[in-house]
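With the hints as a guide, bring the two chains together.
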Amino acid sequence: MKQYVLQRFLQMIVILFGTSFIIFFLFAMLPGDYIDSNINLTPQRAQELKALYGLDKPVLERYFSWLGNALHGDFGYSLKHQEKVTSLLNKYVWNSFFVAIFALLLTWSIALVTGVFSAIKQYSWFDGFVTFFVFAAMSFPSFFISLLFIKWFGVDLQILPIGGMIDTGSDSTGLAYLFEVGKHMILPVIILTLLSIGSLTRYFRTGMLEVIRQDYIRTARAKGLKERVVIFKHALKNAMLPAITLLAFELPGLFSGAIIMEQIFNWPGVGRIQLESVSFRDYPVLMAFTMFLSCLTIIGNFLADVIYAAVDPRIRLK
Amino acid sequence: MEIQNTTVNKQKNKTMVKSPSLWKQTYRRLNKNKLAMISLFFLLFMFLLSFVGPHFSPYILDRTNIADMNQAPSAAHWLGTDNYGRDVLTRLMMAGQISLTIGIAAMFLSIIIGSLLGAIAGFYRGVVDMVIMRLADILMSIPGLPLLLIMGAILSEWKVPAEYRLYIIMIMLSFVGWPGLARLVRGQILSLKEQPFMLATEVLGLSDRRKILHHLIPNTVPLLLVVATLNVAGSILSESALSFLGLGVVPPTPSWGNMMDAANNFMDFRKRPWLWIPPGTAIFLTVVSINLLGDGLRDALDPKMRR
Chain C
0 MKQYVLQRFL QMIVILFGTS FIIFFLFAML PGDYIDSNIN LTPQRAQELK
50 ALYGLDKPVL ERYFSWLGNA LHGDFGYSLK HQEKVTSLLN KYVWNSFFVA
100 IFALLLTWSI ALVTGVFSAI KQYSWFDGFV TFFVFAAMSF PSFFISLLFI
150 KWFGVDLQIL PIGGMIDTGS DSTGLAYLFE VGKHMILPVI ILTLLSIGSL
200 TRYFRTGMLE VIRQDYIRTA RAKGLKERVV IFKHALKNAM LPAITLLAFE
250 LPGLFSGAII MEQIFNWPGV GRIQLESVSF RDYPVLMAFT MFLSCLTIIG
300 NFLADVIYAA VDPRIRLK
Chain D
0 MEIQNTTVNK QKNKTMVKSP SLWKQTYRRL NKNKLAMISL FFLLFMFLLS
50 FVGPHFSPYI LDRTNIADMN QAPSAAHWLG TDNYGRDVLT RLMMAGQISL
100 TIGIAAMFLS IIIGSLLGAI AGFYRGVVDM VIMRLADILM SIPGLPLLLI
150 MGAILSEWKV PAEYRLYIIM IMLSFVGWPG LARLVRGQIL SLKEQPFMLA
200 TEVLGLSDRR KILHHLIPNT VPLLLVVATL NVAGSILSES ALSFLGLGVV
250 PPTPSWGNMM DAANNFMDFR KRPWLWIPPG TAIFLTVVSI NLLGDGLRDA
300 LDPKMRR
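So the sequence lines, in the order shown, correspond to chains C and D. Position 103 (the first sequence) corresponds to 102 in numbering that gives the first Met the number 0; numbering is contiguous. Position 206 (the second sequence) corresponds to 205 in numbering that gives the first Met the number 0; numbering is contiguous.
Looking at chain D on its own, in the form it has when it is part of the complex (with noise of 0.2 Å):
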């Protein structure tokens, strides 16, 4: 009898949760959905330009070179060399590096955060419901930059070591990010608890550790994964923010943040634009990508959309 409820069991988490049929149709959908497609394929692109292309570069990344100083974009420097000689074209494909895994790193942290303290509140209720997402509303109700603001500056009082802040930032990230998640991840789950089949997982007496990791949760990744890449863009936008301020990612590590540092100095404002325009765009063009991606995706897996 056991032996058959678990196997049940296994058929049914498959269905529901594995379902190869679901991708696939989402992915047929998304595919027919051009913007999203080119979005995905310019985030191919980006991800390639900044993981590989600093192989092919001809320059070393913090080699400074006084005679090729602050030389406009040409054969040699695509896009010209900075006030130390340094080309930057190659510095920004090393920023893309720092800046994209901060993007995600910090995603991933804030999904596992909150969709956990969502999932636990939403299935227990009560006073861990209320410990939980009082504190959500709490850090919900401080702004994001001033907030980012003043742990960038904590980081900086501490004289964090450069190569270390990254981490710190993604940390941080994690930290604005996971209350609107694990709000939203409670009210999918008090909506799935009210299902059938958490009747089922009743009745076969499984725990509640199974019930919300095998259960509960893999029913909520079509939204988490919407959020998820919406989530991307979000860290993205204020890591190049507080870099740009200074509080986020500081030289000798480039991201694409701190490399618009440039523009503060009004000489290099002005006289310089390839300093500080290539960075921006970058981040315009990724950042975009990634919205109309996950616009792509809460299309193609909204069930109302179906034909």
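If we strip away everything but chain C, and leave its shape as in the complex, we get (with noise of 0.2 Å):
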């Protein structure tokens, strides 16, 4: 086991560099900056400000410096918001963390339950049901169920807000603050939970059918046990038991998820931030917010090896 966790940790270093390198060379393939498109700028200001920046040196080293600063964790300055990309972020994460947490909870609940219970219930109409909207799920375009949602709830029913986290020009506080932001925040958790419920359904429901075919459950059954001892006791766990894979590449998924329905619903988000700094040429915000999403995926993958190794003496003893 030791020796299993110790070979992946070394895996894992390799893959953060090799992401790292191809994230930052990338970056150096982009022919503008922040500084070129602005044209305020005199041309020997431009060059002192590139100096200035670091931006007239070799890519190569370049890279070493950006990594050298990215490991102390220092991402360089957002250029249009003057601010450090750190802090920039760090305002923002929250921000789509709640909105992400609210919808994985939203997520993994609904589809464990639907999931196993159309396993069980395998041709019945409440399964084809389920098919039916897991694949529909499955197919929608983020942007076309955000819109199709802002016009339905929005514009023609007007329930609820159209987008922002609060009212425009409010200033609550306290309890009324948290029920306004709560009310600005149904429809994007509803968007992201339908984006990524499908697979999961569809998922569960495929282990839960899996595992039901096994001799030991029909053991179970032949021993008298009730049918729900046998499914909810000796079927559940073991179904469930791949699903720690997926469990490290949901926060990650949802950030980036959640980058189109940030934009739509102007939820002032990391996502927006990312595709407003693609619009203004704001490289370091970029960067760090691709090399956070591939970081969280890298040691959430790490984390999820160990733990599915820790649990499943099979995958260890291989």
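It is possible that part of the hints are untrue.
Claimed, not checked - Chain D is nowhere near these chain C residues, computed Cβ spacing over 10 Å in every case: (1) GLN46; (2) GLU47; (3) ASN68; (4) ASP73; (5) LYS90; (6) LEU103; (7) ILE109; (8) TYR122; (9) PHE128; (10) ILE165; (11) GLU179; (12) ALA219; (13) ALA221; (14) GLY256; (15) ARG280.
Stated by the list, open to error - In silico EDC-like cross-links for lysine to aspartate or glutamate, where the CA-CA straight-line distance does not exceed 20 Å: (16) LYS31(D) / ASP301(D); (17) LYS192(D) / ASP128(D); (18) LYS232(C) / GLU209(C); (19) LYS150(C) / ASP267(D); (20) LYS33(D) / ASP166(C); (21) LYS120(C) / ASP260(D); (22) LYS232(C) / ASP166(C); (23) LYS1(C) / ASP311(C); (24) LYS236(C) / GLU209(C); (25) LYS150(C) / GLU156(D); (26) LYS182(C) / ASP166(C); (27) LYS182(C) / ASP170(C); (28) LYS31(D) / ASP260(D); (29) LYS270(D) / ASP155(C); (30) LYS23(D) / ASP298(D); (31) LYS236(C) / ASP311(C); (32) LYS79(C) / GLU156(D); (33) LYS31(D) / ASP126(C); (34) LYS33(D) / ASP298(D); (35) LYS192(D) / ASP207(D); (36) LYS120(C) / GLU47(C).
Don't read these hints as lab results, they were simulated from the structure. Backbone N, C-alpha and C fix where the C-beta goes; we use that ideal spot for every residue, glycine too.
Rendered as structure tokens:
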């Protein structure tokens, strides 16, 4: 087990390096930067600024100095916001995080229940409905469903706000503030849940279908156990096991899935900052955010493998 | 002896790979799956609409007509006109050409790169395997949409002309799509390598190239077919998201994604839903059909489902 963890850890370090390398070089391929796009600067002043930010050095040198700083938690300055990238992301990441965490809880609980029940009642009308719903949820373009929901609930029915985090010009505090934010959060959370629920429900359904065909389930039934005990005690545990590997991808997946949703709902999260940075050529922010998502994925993946090996001895003995 | 060997090999090849009964069986099983068949016919309809439909349209794609601006759907313009007076239905059909072509081309590129690299990694193992698979790991750990956003920004920075952009988008999508495929094919190859027929190719003294291209990869085709189908759906979704954000296919070339850009204008969004609901619905229905078809194919090709 120790050896397995160590091996996976070293692998993780290699992948982290590789990822940072690729991300940096992609950005180095971009010919323009924030300074180039600012037409108010004289050529001389632009040169000075570039030297100040180190943009005139060769790519490899810039990579290592960037990496060195990044390891110290310094991702540079946002050229547009004139603020440290880390403090900028810190300011907005929580807005995204709360939406993501609610969506995560909703997705997993709904997917687990519907997935398991449609597996137990395979080919019933409930199963048919779930399958249909799953495919619809998996196929909706995020921007289209966001826009439709805004149109239906925000414009036509006018029961929910069409965007933002608080009402325009609102200065409510305390409970009223929480209530207001909560109201604005409903649609974003529903959208994110819809976008990720399809594949997960399917995953649980397939996992459960596979497990209930196993011999040990037949044995449990033959012993005369109650169906409820067979399903929820013997089958469910084993069916849920592979889902651990999915949990690792959930958070980064939700963050990157939220990029378009945040843009449409005008939600002040990191996704919107990301898109804004694309149009303002604010590359330090873009780079840091992409790196942040990749790190979340890589570390999550590592943790998932270790936990999976800890709970399933077949993995580590291989 | 040599001649005999090749004929034996050819026969074997025929029964293993191009066995007509496998595809016939598959089709027969797929035929029983109502949803998959409806999806298949809908996709055929979508293709006809996109590639043949524009020839029947009385309107010319980019002809602007100020007199016909922003008209609601009517008998003359079934889906209304946009704010340049262009017929939305005609644009929708042309956009379908672009979006479907990009989805399918990106799928073929990912399949070629992914299955070749995956097969090479699984066949040779060792250092080659490690380099290819680590590269795949690295690319897979950068989330797809942010990666595509960066590449889209690079395209805009390089001022790539609109007519070339779609080709580069195809390459971008396959760049993001190949690692998953490579991993899948590699896994298959690893288990296929242990089977007796590979021992036979060893005995026959076949070259590595022949073993990989004629014996290993053909055996992964059933799996690849399913993944390829689902890959088209993913590519269409990514392309539409990128184009919606203005980083994919850019006007004047229409694509379903960039037609939806109309919804970014609040007046158009509220008052003229015919500008953005049709392309969104087209993406949704196409992607749903592809997913259902892929799922049907998976069931039809899965030996465990055979009765």
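> In ascending order, which of the hints set out earlier in this document are inconsistent with the structure?
Replying inline: 14, 15, 20, 21, 22, 25, 28, 36
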